[in-house]
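Engineer: Sequence:
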Amino acid sequence: GIPCNTITYNTMLDACAKSYTMSRASKLLEDMAETCVEPDIITYSTIIKGYCVEGDVDRAFHVLAEMKKDGKFQPDEIMYN
Numbered sequence: 001g002i003p004c005n006t007i008t009y010n011t012m013l014d015a016c017a018k019s020y021t022m023s024r025a026s027k028l029l030e031d032m033a034e035t036c037v038e039p040d041i042i043t044y045s046t047i048i049k050g051y052c053v054e055g056d057v058d059r060a061f062h063v064l065a066e067m068k069k070d071g072k073f074q075p076d077e078i079m080y081n
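Quick note on numbering: this note's numbering labels position 39 of the sequence shown as 39, and the sequence is numbered without any gaps.
Because the hints were derived from the structure by calculation, they are not lab data. Each hint should be verified, as a subset may be incorrect.
[As the list claims (entries may be wrong)] Below 25 Å or equal to it, Euclidean Cα-Cα: the simulated BS3-like pairs (lysine-lysine) are:
id, residue 1, residue 2
1, K72, K49
2, K27, K49
3, K27, K69
Just so it is clear, the structure is predicted and the values come from calculations on it, not from any experiment.
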């Protein structure tokens, strides 16, 4: 198949968020790691949005904490909306 990049994964994560299927997000993140595709700020924003839409605010805060701990990205005004 065609190799996925960050944009492709972000699109799939956004589809999960919009369709209330965030249960699939963990597998997509595993796939990203296995194929050495780095998440970006949009990846994190999308995952956080998806968990919030599903009402899983605790999980969203966990992802936010992981992102901050990693140190590569800081939350921005878009993420807080």
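Engineer: Each of the hints needs a verdict: does it hold here or not?
Structural biologist: Checked hints:
{"no.": "1", "hint": "K72 / K49", "in the structure": "holds, 19 Å"}
{"no.": "2", "hint": "K27 / K49", "in the structure": "holds, 17 Å"}
{"no.": "3", "hint": "K27 / K69", "in the structure": "holds, 21 Å"}
In terms of the numbered hints stated before, the structure departs from none.
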